[in-house]
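The listed protein sequences correspond, in order, to chains A and B.
Using our numbering, you'd call the opening residue of the first sequence number 3 and step up by one each time.
Using our numbering, you'd call the opening residue of the second sequence number 59 and step up by one each time.
One or more of the hints may lead you astray.
Derived Cβ-Cβ restraints for the label pairs, each shown as a range [unchecked claim]:
hint: 1; chain 1: B; residue 1: Leu70; chain 2: A; residue 2: Ala131; range: 17 to 25 Å
hint: 2; chain 1: A; residue 1: Val106; chain 2: B; residue 2: Ser375; range: 39 to 47 Å
hint: 3; chain 1: A; residue 1: Leu130; chain 2: B; residue 2: Tyr251; range: 41 to 49 Å
Derived by calculation from the structure, the hints in this document are not laboratory data.
Predicted model, so just to flag it, every value in this text is computed and none were measured.
Each residue gets a CB set at the ideal place from its N, CA and C atoms; glycine is no exception.
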Amino acid sequence: MSAGTASRLEESAAGSDDALLEVRDLSVTLGRTPALAGVDLTAEAGTWLAVVGPNGAGKSTLLRAIAALVPGRGLRGTVRLAGQDAARMPARERARWIAFAPQVPLVPEAMSAREYVMLGRTPHRALLAAPRSADHDAVVHALGRLDLEPLADRALRTLSGGERQRAVLARALAQQPRLLLLDEPTASLDLGHAQQVLELVDTLRRDEGLTVLSSLHDLVLAGQYADRIVLLTRGRVVADGAPAEVLTAPALAEHYGVSAEVETGPGGVRVHPVRPAPAVTRRDGSS
Amino acid sequence: MDLVRQRRLVALGVTGALLLAALLAAVSIGAVALAPSGVLASVLHRVGVQAGNPLSPMESGILFDLRLPRVVLAALVGGMLAVAGASYQGVFRNPLADPYLLGAAAGAGLGATVVIAYSPNGSGPAGLPVLPVAAFAGALTGVSLSYALGAVAARHGGGSATLLLAGVAVTAFLTAIQTVVQQANSDSLRQVYSWILGQLGAGHWDEVRLVLPYMAFSTGVLLISGRALDVLSVGDDEAITLGVHPRRVRFVVLLAASLGTASAVSVSGLIGFVGLVIPHVVRRLAGSSYRTVLPVSLLAGAAFLVLADLVARTVLSPAELPIGVVTAFVGAPFFAALLRVGGGSS
Chain A
3 MSAGTASRLE ESAAGSDDAL LEVRDLSVTL GRTPALAGVD LTAEAGTWLA VVGPNGAGKS
63 TLLRAIAALV PGRGLRGTVR LAGQDAARMP ARERARWIAF APQVPLVPEA MSAREYVMLG
123 RTPHRALLAA PRSADHDAVV HALGRLDLEP LADRALRTLS GGERQRAVLA RALAQQPRLL
183 LLDEPTASLD LGHAQQVLEL VDTLRRDEGL TVLSSLHDLV LAGQYADRIV LLTRGRVVAD
243 GAPAEVLTAP ALAEHYGVSA EVETGPGGVR VHPVRPAPAV TRRDGSS
Chain B
59 MDLVRQRRLV ALGVTGALLL AALLAAVSIG AVALAPSGVL ASVLHRVGVQ AGNPLSPMES
119 GILFDLRLPR VVLAALVGGM LAVAGASYQG VFRNPLADPY LLGAAAGAGL GATVVIAYSP
179 NGSGPAGLPV LPVAAFAGAL TGVSLSYALG AVAARHGGGS ATLLLAGVAV TAFLTAIQTV
239 VQQANSDSLR QVYSWILGQL GAGHWDEVRL VLPYMAFSTG VLLISGRALD VLSVGDDEAI
299 TLGVHPRRVR FVVLLAASLG TASAVSVSGL IGFVGLVIPH VVRRLAGSSY RTVLPVSLLA
359 GAAFLVLADL VARTVLSPAE LPIGVVTAFV GAPFFAALLR VGGGSS
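Assemble the whole structure, with the sequences as input and the hints as a guide.
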């Protein structure tokens with residue numbers, strides 16, 4: 003280990019008492035296309051960090067890289083979980099730290115909700131071993147937290163979109179992770195169900211001591227649920243801080259090409275897209 | 059309390075009983091009818107239990123030397139194809155997958171055709187039966203080619219779908235060669251054709267002994283892979299975040315399923331339909347967890363092929379129908395009816 007690496011290690015260990023997740027200088031190249039360039043971010047334990055940015059900014063790639071789903075040859079930089087290098091963890095150990103819910107989960111339609119949630123217990127026992135009572139308890143707990151008991155023995159195919167999203171969250175919860183990675187958890191939900199799911203996630207975060215990292219394309223929701231927001235544009239972090247610091251009208255105009263008003267209230271930051279006045283020339287987002 | 063477990067146990071009990079009934083019916087029915095009670099007494103007698111009135115020595119010869127080996131072979135082949143088919147479907151997350159998909163059928167067909175065309179008397183060095191060995195080797199060659207091709211292609215992106223496409227390419231290629239060999243030796247056409255339609259006519263204990271070790275190994279590996287296949291059903295990415303290596307699981311399961319398929323094909327030819335349809339029937343009736351689908355498919359596939367073979371040899375007796383024709387002719391309408399019933403209730 004070089005002296006430089008050692009001092010960097012000390013530095014990051016010293017400065018990260020509460021940092022559950024530390025991403026340093028993360029770059030990802032997919033094929034020949036650079037997707038992320040030198041991304042740094044930190045998530046304090048027990049907080050909600052939202053990654054926002056326009057389409058194609060690299061939000062999903064960032065989450066997938068943290069979940070170790072990006073092939074190693076296109077990846078540079080480090081991901082640390084409570085100071086440990088995630089890349090060096092065995093897959094099963096990493097799976098006890100991080101649970102991941104992709105934007106479009108592949109839901110085995112004929113599987114019952116209970117069986118599906120039980121899959122979350124996979125990293126807690128040998129692959130071929132039968133579930134133990136601790137596994138059953140965790141499944142019952144997760145089903146209960148997401149109000150899925152009445153649906154537990156129904157096939158996933160018969161559940162509504164919102165119920166399925168709850169089943170995905172229950173599976174992640176049964177995994178008993180420290181970090182919950184949610185890629186656009188509200189993408190396929192209407193406004194009411196989106197709000198319900200985010201409220202549930204927030205409750206779980208508080209009650210179960212989870213750290214949440216989610217990508218959210220909806221700035222209105224991001225402003226109201228996140229403790230901290232990272233704004234990503236073309237693979238780079240262009241702003242990082244409290245919602246009120248990141249979601250400013252000039253920043254939104256610059257990076258999203260949107261005309262919006264932002265106000266801060268008791269529920270968090272509220273972003274209101276406002277149609278540009280006719281006299282103003284339309285922004286095309288290329289500025 | 060656990061509905062899934064209950065359903066699994068009920069399904070195992072029902073298919074197990076069905077298999078025993080099918081075995082008993084199949085050894086009793088034939089040109090010489092044997093009394094089922096005598097059959098049971100004789101079988102018990104063989105394993106050292108004295109009960110009831112055993113069959114006469116002549117009947118006993120028919121049972122142990124003619125019917126039983128054939129029936130046992132049908133059960134082994136049917137169970138193997140069904141459990142391999144279920145495994146292929148799990149690995150590829152594709153309900154249309156069957157055990158012949160990765161070139162096993164085309165490879166076995168080529169191997170068998172070459173032997174039938176160029177070595178018609180069918181015995182090779184050291185008294186090895188050439189036809190099954192060639193079919194076995196051909197099947198494994200086909201699958202290996204597909205896997206190698208798929209692995210090369212997967213390095214440039216693409217997952218299990220790439221492997222499926224590789225299987226399609228290899229199947230087309232091997233079938234082309236097989237057709238050329240077949241055309242160049244048209245005098246053996248009839249024999250090749252009857253092999254391709256599947257046959258258990260030559261069922262002897264020798265063949266049972268030949269394939270049993272491979273099938274036992276393959277079935278054992280597949281039966282313990284149920285949980286891993288259940289994890290794969292949520293997709294490769296999520297399986298990885300659950301701490302599972304999808305490629306490793308896929309490799310082990312495909313290896314075992316292909317070995318079993320090759321051994322089944324080597325002694326029975328290409329019996330279609332079993333590997334595709336039995337797992338679907340089981341899924342409809344017993345639930346979709348691979349912990350259930352794999353063992354229940356094993357029993358149901360065995361029972362199905364035993365009954366199909368019974369039909370094949372009795373309907374036009376003393377002539378025999380190709381068993382592949384029976385499996386499709388009986389199986390397809392049954393499956394269609396099940397789709398209708400299932401579609402209406404869910």
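- Query: Where does the structure disagree with the numbered hints, that is, which hint numbers, in rising order?
  - Reply: 2
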